[in-house]
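K.L.:
Sequence:
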Amino acid sequence: MSTDGQFDSALDLLRRLPPSSTSANLTRICALAPDLTEELLSSVDQPLEVRRCKKTGRDYLLCDYNRDGDSWRSPWSNEFEPAIEGEDEGAKPSERVRKLEMGMGEAVDIYRELYYEGGVSSVYFWDLDDGFAGVVLLKKTTPTGKSDGGWDSIHVFESIDRARTSHYKLTSTVILRLSTSSDALGDMDLSGNMTRQIEQDMPVTDDSSHIVNVGKLVEDMELKMRNLLQEVYFGKAKDVVGDLRSIPPLTEANREKATHQEMINSMKR
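Counted from 1, the sequence shown has number 173 at position 173 by our numbering; the numbering is strictly sequential.
If you are wondering where the hints come from, they were derived from the structure by calculation, not from laboratory data.
Each hint should be verified, as a subset may be incorrect.
As the list claims (entries may be wrong) - Derived EDC-like pairs: lysine to aspartate or glutamate, alpha-carbon spacing no greater than 16 angstroms straight-line:
{"hint": "1", "residue 1": "Lys140", "residue 2": "Asp59"}
{"hint": "2", "residue 1": "Lys99", "residue 2": "Asp207"}
{"hint": "3", "residue 1": "Lys99", "residue 2": "Asp206"}
{"hint": "4", "residue 1": "Lys92", "residue 2": "Asp68"}
Stated by the list, open to error - DEER-style ranges, computed between Cβ atoms:
{"hint": "5", "residue 1": "Thr37", "residue 2": "Arg96", "range": "16 to 24 angstroms"}
{"hint": "6", "residue 1": "Ala33", "residue 2": "Gly186", "range": "35 to 43 angstroms"}
{"hint": "7", "residue 1": "Gly186", "residue 2": "Arg96", "range": "30 to 38 angstroms"}
{"hint": "8", "residue 1": "Gly192", "residue 2": "Ile264", "range": "41 to 49 angstroms"}
Backbone N, C-alpha and C fix where the C-beta goes; we use that ideal spot for every residue, glycine too.
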């Protein structure tokens, strides 16, 4: 099988396996097909990992956008951990883009505390020929106990400079997982992901405008996706449970359903 065929098959397989086991299954596929490792890691969204910056003592999130080999760049210290030996110290943003990255990182950290009341956030920027790009990461997990859950949001954007405006393209992915196990409720596993994309031109007066514009796009997108997840995941789960579990006697429920159908049929005549 060609490399392209193997890659397509791997993505197809991951889509059919439980979303809660994406990381473990991705590791197994990479072990079977090492040549696909880089491409799969950059294409498949998986729950974010947390690491503590040795220099500042602040937590940050790991992703493909701050990775160089087996090292990850801390957004707080701008240094790779573990350090990269040799002349190549790893890919880092320019001075201007690094300043934007720091400003956006502090803004997102405030947003995380206000909206999530905990969790971890990280922001990474990099240079483009006609602008810059970046990723905003947010992670929140439930306290350790009988239930296990987490929210991971990944917002990748690019900003293309134009006269007095910038063209923003945002691709957002949310990974949601909820599971619980108890004698009273039994086992439940609700997990999956959702991806949405938007493009928009917004006015720019100086570099600080980028922080405001990107922040607004991310905040609006997260609100929309939270509402969609509430309707799709929780609303559908409620409907399924309601159909499976009947509080009134089944004979009474069937009688009401027959009466309702009879009324509908009479209206069609």
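K.L.:
Next, verify each hint and record whether it holds.
P.N.:
Here is how each hint holds up against the structure:
1. Lys140 - Asp59: holds (13 angstroms)
2. Lys99 - Asp207: Holds: Lys99 and Asp207 sit about 9 angstroms apart, inside 16 angstroms.
3. Lys99 - Asp206: Between Lys99 and Asp206 the Cα gap is close to 13 angstroms, so the pair holds against 16 angstroms.
4. Lys92 - Asp68: holds (10 angstroms)
5. Thr37 - Arg96: 16 to 24 angstroms: Taking Cβ atoms as reference, Thr37 and Arg96 lie about 33 angstroms apart, which means the hint is violated.
6. Ala33 - Gly186: 35 to 43 angstroms: 37 angstroms Cβ-Cβ, so the 35 to 43 angstroms window holds.
7. Gly186 - Arg96: 30 to 38 angstroms: At roughly 55 angstroms between Cβ atoms, Arg96 and Gly186 fall outside 30 to 38 angstroms, so the hint is violated.
8. Gly192 - Ile264: 41 to 49 angstroms: This hint is violated: roughly 34 angstroms between Cβ atoms.
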